[in-house]
Amino acid sequence: DTGVSQDPRHKITKRGQNVTFRCDPISEHNRLYWYRQTLGQGPEFLTYFQNEAQLEKSRLLSDRFSAERPKGSFSTLEIQRTEQGDSAMYLCASSLSGQGYGYTFGSGTRLTVV
Amino acid sequence: GNSVTQMEGPVTLSEEAFLTINCTYTATGYPSLFWYVQYPGEGLQLLLKATKADDKGSNKGFEATYRKETTSFHLEKGSVQVSDSAVYFCALSVLDSSYKLIFGSGTRLLVRP
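Order-wise, the sequence lines are chains P and B. 39 is the number that the working numbering gives to position 39 of the first sequence; each next residue is one higher, with no gaps. 123 is the number that the working numbering gives to position 9 of the second sequence; each next residue is one higher, with no gaps.
Isolated chain P, as found in the complex (with noise of 0.2 Å):
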């Protein structure tokens, strides 16, 4: 098990197109989350799958971004008609269920929006 990954590592794009990241997690994990990172700050959660079901999205997340996890494997995040105030790192954790087990997060995504 080669723990998460995540892809592009980076990625610039112009203001006002489509980007789309992806997330591997680790194959046994059932939760998979998403989280967004600006610097000086601690993550903050966007959104998570429990299998292939997306169980809850923060107010954070409007309606630019969407994520996917088809049978319940890996994940895409597409954030439409990107803003620069898009610019973040942009995590990807995977887990089982439960409270007492913590993440395995990916390396990140860092999308910077010009």
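Any given hint could turn out to be false.
Which bits of chain B does chain P cover? Going by a derived footprint, with three or more residues having C-beta under 8 Å, they are [stated by the list, open to error]:
no. : stretch
1   : 146-159
2   : 200-211
3   : 214-226
If you are wondering where the hints come from, they were derived from the structure by calculation, not from laboratory data. A virtual CB, placed ideally from N, CA and C, is assigned to each residue, including glycine.
Following the hints, position chain B against chain P.
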């Protein structure tokens, strides 16, 4: 609501010095508590955790004790190394079915040789 407050950094120490990074939390009930570490250019790694009051989490010489009475989970290490230089995040696990983590803003540690 749920929140985590960490001491502001950067914390600058000489090698072999004693480290304390303060973390306090606000939550309904008794959440699980975590410390994550982020080395330069890398993702967050789970450093240690505690799931109930008076539990002590430990790993790589770091320790933190879940203190219910003071709602705290301070991170300590007796002798830091240059390789411990990183950003440290305290987090709690929300007590609902999401188990999402609420993070503090992070504390940067710089250890000088």
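Hints versus structure:
{"no.": "1", "hint": "146-159", "result": "holds (count 7)"}
{"no.": "2", "hint": "200-211", "result": "holds (count 5)"}
{"no.": "3", "hint": "214-226", "result": "holds (count 7)"}
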